[in-house]
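Novice: Plus 15 on top of the position in the sequence shown (first one is 1) and you've got the numbering used here.
Derived by calculation from the structure, the hints in this document are not laboratory data. Please read these numbers as outputs of a predicted model, since none were measured by experiment. Glycine included, each C-beta is placed from N, C-alpha and C at the ideal position.
Derived Cβ-Cβ restraints for the label pairs, each shown as a range: (1) T90 <-> A43: 34 to 40 Å; (2) G22 <-> D52: 17 to 23 Å; (3) T73 <-> A53: 33 to 39 Å; (4) A27 <-> P72: 27 to 33 Å; (5) L58 <-> S24: 25 to 31 Å; (6) A38 <-> T90: 39 to 45 Å.
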Amino acid sequence: MYAGSTGCSRVAGTRTVNCDIPALASGATTTRTFAADAGLLTLGSLVATAKRTASSPTDPNAANDQASRTCTALTSLIVRC
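Could you build the full structure based on these sequences and the hints that come with them?
Specialist: Structural data, given as structure tokens:
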């Protein structure tokens, strides 16, 4: 696992990357980049999930604070998202 973006760090011993995001205006978006090793014999679905764990002030619409993306490992060298 590689935490590529500034403000992101890998949690040792886990498959978790934490990224600090500065305050965003309503409707604004941001992007963070990271990479994960799929493993030599990995095939099938891989799911990456991003979620807000804390904010100040609190988000009035917590229902939209998580997103997932499913990728498919076709071979150990080809992963499509």
